[in-house]
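Student: Quick note, the sequences are listed as chains A and B, same order. Going by the working numbering, 14 is the number at position 14 of the first sequence; the sequence numbering is gapless. Going by the working numbering, 15 is the number at position 15 of the second sequence; the sequence numbering is gapless.
You may find that some hints are simply not true.
Stretch by stretch, here's where chain B covers chain A in the computed footprint (C-beta under 8 angstroms, at least three residues) [unchecked claim]: (1) 33-41; (2) 83-92; (3) 130-142; (4) 166-178.
Just a sample of chain A residues kept apart from chain B, beta carbon distances all over 12 angstroms, derived [to be verified]: (5) Asp19; (6) Arg24; (7) Gly240; (8) Thr268; (9) Arg282.
So the derived label-pair ranges between C-beta atoms look like this [to be verified]: (10) Glu358(B) to Gly295(A): 41 to 51 angstroms; (11) Ala167(A) to Ala357(B): 16 to 26 angstroms; (12) Glu305(A) to Glu319(B): 28 to 38 angstroms.
Please keep in mind that the hints were generated in silico from the structure rather than gathered at the bench. Given the structure is predicted, the values throughout are model-derived calculations rather than measurements. All C-beta atoms, glycine included, are put in the ideal place defined by N, C-alpha and C.
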Amino acid sequence: MLSFDGQRRGAEGLLITSDNVTLRGFGVENARGDAIKARDCNGIHIREVRVEWTRGPNPDNGAYGLYPVNCDNVLIERSIARGASDAGIYVGQSRNIIVRENTAEFNVAGIEIENSFNADVFRNTATRNTGGILVFDLPGLPQKGGHNVRVFENRIVNNDTPNFAPAGNIVAGVPTGTGVLIMANRNVHVFDNDIADNGTVNVLISAYRDSFEDRDYNPIARDIVIRDNRFGNTGFAPAGDLAALSQLGVALPDVLWDGATMFSVGGTPRTENVRIVVRDNRSTRTGASSFLSLGMPVAGSPLTEAAPDPTPPPLLDIAEPEQVRIRN
Amino acid sequence: MRWSIFAALALVVMLTAGAVAQAPPTVNVAAISAERPPQLLSVYGFFTDAGARQPVAGVTPYDLNTPLYSDGALKFRYLYVPPGAQARYNPDGVFDFPVGTVLIKTFAFAADMRRPTENVRFLETRLLIRRADGWIALPYVWNEEQTEARLSPIGAQIPVSFTDEDGDAINLDWAVPNRNQCKGCHDLAGELTPIGPSARNLNLEHMMYGPGRQVAERMLVNQMHDWTVLGILDQAPRDAPRVPQAYDASDGTLEQRARAYLDVNCAHCHNPRGPAHTSGLDLRWSQHEPIQWGVLKRPVAAGRGSAGYEFAIEPGHPERSILLYRMESTDPGVMMPETGRQLIDDRGVALMREWIAEMD
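Okay, chain A solo, but in the shape it has when bound (with noise of 0.2 angstroms):
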């Protein structure tokens, strides 16, 4: 085990800058910045690592735990996770990922797969956190549009520690109390996980909601797949902006869809072809699962404007992404 208590220089525990690096069978305790950050990979595993801030939740905890970047064939398996202040597991601007049977708890954001293509995200537990599983898509990075992921057959259940991200970072706008979120992804299939015990909402689908000048950026989600999945309780926390929402009779629904299709970028309407598929779900509230748009059809708007609809949208065929098979 290495510890970082006194650590005096340097921004992360270990920084690994080379190609096809094994870490296996050690812990890094009380990083100051980042605990494991790997840059500029090709051929990343991290297995059986743990990396924690033993004071638990605490926003002056390091960012990140494991944290590859811009790396290509990464795998992270039967690794731990805690108390980072932003995401246990990142995995940012990359491409060809498995992330699997790993336990995150105790972070803002359980595991978060950000502006990356390609990735597999199975047979992991995420609770504890704020959010459990994330997957983003940012404007203004050097890789951008987030696309073909699949979360599947993981454990995403009592999120619920509440939000102690520091301001003015993406994730200190997650709910206390979500499942899974897709923000500003293509192509993302959520299916045979059990989803449950998170307060606010198991599987929220939004749009990027800030301003962005970025224009070869998109901040619509689509192309998005939610079924087969098992879902516990929910909306009885609900926490951030959506709690607004439930205080005005709403109620929290297992698949939240803010109902984003259209986007301005440097005054120019364009609006995409949205796909949301939400089918064989089971719910052991409600038996099958329920849904609900907030009929917001621009990204960002506020959500004075949401018109909620239950309906949900048609079923149609979105083909699944294909296994991710890690090359090296």
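Once you've looked at the hints, dock chain B against the given chain A.
Tutor: This is chain B only, laid out in the frame that chain A set:
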């Protein structure tokens, strides 16, 4: 101006050396190309004296318009280009230096930084050597007696005490970088690369100098032009780019001076091929899009480095700009640059604050 220190020292030493007839010392070329680098700096023969204050012929002192802040350390820079070879001019980046080139930089503190020529203690001398297969970085650490500097590839920590320019007593552990840490800054697309010696930063007037030069020849000349006269640079166009001296308010606009500071202090990581390219921030002199400098750019992976602020630079609001917040921190999880300083660069902070405050 720091340059005058060199000139004065040189004059004294030249006059002293002139009294004794002997073959002039020369650089040990074999040491530069040796498979196993020498353990002692003196083996290279870059200096006539054990204390490395006086360079031999062919080892040329140089200065930069705007240097990187390193806790306010004095820096003495020299260039050695092997005889018969030349650096190739390049208007945009670091010059293309021939194999066998050595960039020599000594970090030092004066006991009282208000009198920077007295009681100067050398801490380390870093060599960047251009080998056939790329650059290598070799840190040599000075002993307490200041008589020899020894190779320390694993880095070192040196306790240092001095009085700073404001008269405050400073104690710090000077961190000599290990080989991996060198790459933290000197990394361009995975290759170890020098940072300072680009046309825009070398383009300055300085006192012409060099062993063998007559005192009567000492005059202000353009440093790059001087290099062409010495034969170590192929050309120095009159219209070569130039960054201002960041702290000289008469040199360029406030924005130019601020961007000169960012170029030297930040852009070695924050460029599209550098270690911080994933941040989306590009602080190079050649970048002209304000959002790329961080103007109204939201943080990505800043963590608590964001301090709760929305933008890297919020025009008119230095107190809400993440860039300034991170410059003013010494917390390893927050501070920028990530390495290479333990103190806050007060002058740099003041420059950035002024620039952001006046921005609209």
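Student: Each hint: holds or not?
Tutor: Structure-based check of each hint:
no., hint, in the structure
1, 33-41, "holds (count 4)"
2, 83-92, "holds (count 4)"
3, 130-142, "holds (count 4)"
4, 166-178, "holds (count 5)"
5, Asp19, "violated, 10 angstroms"
6, Arg24, "holds, 20 angstroms"
7, Gly240, "holds, 16 angstroms"
8, Thr268, "holds, 18 angstroms"
9, Arg282, "holds, 37 angstroms"
10, Glu358(B) to Gly295(A): 41 to 51 angstroms, "holds, 44 angstroms"
11, Ala167(A) to Ala357(B): 16 to 26 angstroms, "holds, 22 angstroms"
12, Glu305(A) to Glu319(B): 28 to 38 angstroms, "holds, 33 angstroms"
The structure shown violates just one earlier hint, number 5.
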